[in-house]
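So for the sequence shown, the working numbering puts the first residue at 13; every next one is plus one.
Worth double-checking, as some hints may not be accurate.
Unchecked claim - Here are the simulated distance ranges between beta carbons:
{"no.": "1", "residue 1": "A101", "residue 2": "T252", "range": "23 to 33 Å"}
{"no.": "2", "residue 1": "R201", "residue 2": "I146", "range": "23 to 33 Å"}
{"no.": "3", "residue 1": "D16", "residue 2": "P124", "range": "17 to 27 Å"}
{"no.": "4", "residue 1": "C220", "residue 2": "T15", "range": "38 to 48 Å"}
{"no.": "5", "residue 1": "P265", "residue 2": "T205", "range": "10 to 20 Å"}
{"no.": "6", "residue 1": "N208", "residue 2": "P124", "range": "25 to 35 Å"}
Stated by the list, open to error - The calculated EDC-like cross-link candidates involving lysine to aspartate or glutamate, where the alpha carbons are at most 20 Å apart (straight line), are:
{"no.": "7", "residue 1": "K264", "residue 2": "D148"}
{"no.": "8", "residue 1": "K264", "residue 2": "D195"}
{"no.": "9", "residue 1": "K264", "residue 2": "D218"}
{"no.": "10", "residue 1": "K264", "residue 2": "D150"}
{"no.": "11", "residue 1": "K264", "residue 2": "E93"}
{"no.": "12", "residue 1": "K264", "residue 2": "E230"}
{"no.": "13", "residue 1": "K264", "residue 2": "E207"}
It is worth saying that the hints were derived from the structure and are not from the lab. On a predicted model such as this, the values are computed, not experimentally measured, just so you know. Cβ coordinates follow ideal geometry from the N, Cα and C atoms, glycine included.
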Amino acid sequence: MRTDIPHTARIWNYWMGGRQNFEVDRRVGSAATELDPGITALAAESRRFLRRAVEHLAGNLGITQFLDIGAGLLATDNTHEVACRRNPAARVVYVDNDPLVLTHGRTLLTDPRAVYLDADLREPDRLFARAADILDLDRPVAVMFMGVLGHCERIGELRGVVADSMARVCRGSYLAYWDGTIDSVDFVRMCATYENVTAVPYFPRDHCELRSIFADLELLEPGFVPLTRWRRPAGEPAPTVPVSAYGAVARKP
């Protein structure tokens with residue numbers, strides 16, 4: 013494992029306040045924070061969105077199968093922890109193709125109700141064939157893309173990944189999704205600079221453009237909205253800096 017080269021998953025872990033990072037990651041992460049002071053708030057809000065979405069799916073909608081694609085490093089309130097707290101029968105499949113993420117996840121993951129799969133979201137045949145060894149795809153599944161599809165350079169590719177994935181699960185399944193948007197000039201500038209450092213580009217988009225991925229799905233209330241507004245509990249303080257990301261949960265009819 014290289015500790016002298018910044019790694020995207022470790023930088024994100026740093027922004028989330030985690031410990032799975034090194035000095036080089038913290039240096040790059042801190043430089044990005046200077047460009048966009050809202051990035052750490054975005055990281056925190058993305059985890060709160062994941063928690064609220066999974067709690068709603070497992071606790072209120074009866075979903076017991078979760079496919080978290082592009083999951084990244086384990087942190088706090090991971091999908092399997094949230095889901096199993098609300099429904100002990102829940103099963104979670106994390107999908108990633110980064111060797112660091114896979115090694116870290118498989119080392120730390122001790123709950124038999126959750127596993128890591130080595131697969132690429134751009135290879136859905138292999139991904140879903142392997143997922144089908146663990147999940148029953150004839151029963152509803154929550155398919156999750158938590159901030160990862162911004163790595164698709166073209167919106168057509170992004171739409172295709174979502175459409176293909178949802179076509180492989182049965183009716184009554186759900187999509188949980190968020191990605192970064194162009195609402196914040198600082199966030200857009202940070203993404204452009206970040207690409208030059210990590211060589212892993214991220215393309216924030218207009219939220220109206222992103223909303224098109226839900227064309228064949230039924231959006232749950234409150235719709236496709238800023239992360240800070242999605243089922244936020246009354247009285248929970250909102251961030252004091254802009255959070256440039258939208259998210260939603262939608263049902264396959």
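Consistency of the hints with the structure:
1. A101 - T252: 23 to 33 Å: violated, 39 Å
2. R201 - I146: 23 to 33 Å: Distance hint for R201, I146 is violated at roughly 41 Å.
3. D16 - P124: 17 to 27 Å: With a Cβ separation near 36 Å, D16 and P124 fall outside 17 to 27 Å, so the hint is violated.
4. C220 - T15: 38 to 48 Å: holds, 41 Å
5. P265 - T205: 10 to 20 Å: violated, 41 Å
6. N208 - P124: 25 to 35 Å: Because 42 Å falls outside the window, the suggested range is violated.
7. K264 - D148: holds, 16 Å
8. K264 - D195: Violated: K264 and D195 sit about 28 Å apart, past 20 Å.
9. K264 - D218: violated, 24 Å
10. K264 - D150: holds, 13 Å
11. K264 - E93: Judged against 20 Å, a Cα distance of about 25 Å means the pair is violated.
12. K264 - E230: With Cα atoms ~6 Å apart, K264 and E230 stay inside 20 Å; holds.
13. K264 - E207: violated, 34 Å
The earlier numbered hints that this structure contradicts are 1, 2, 3, 5, 6, 8, 9, 11, 13.
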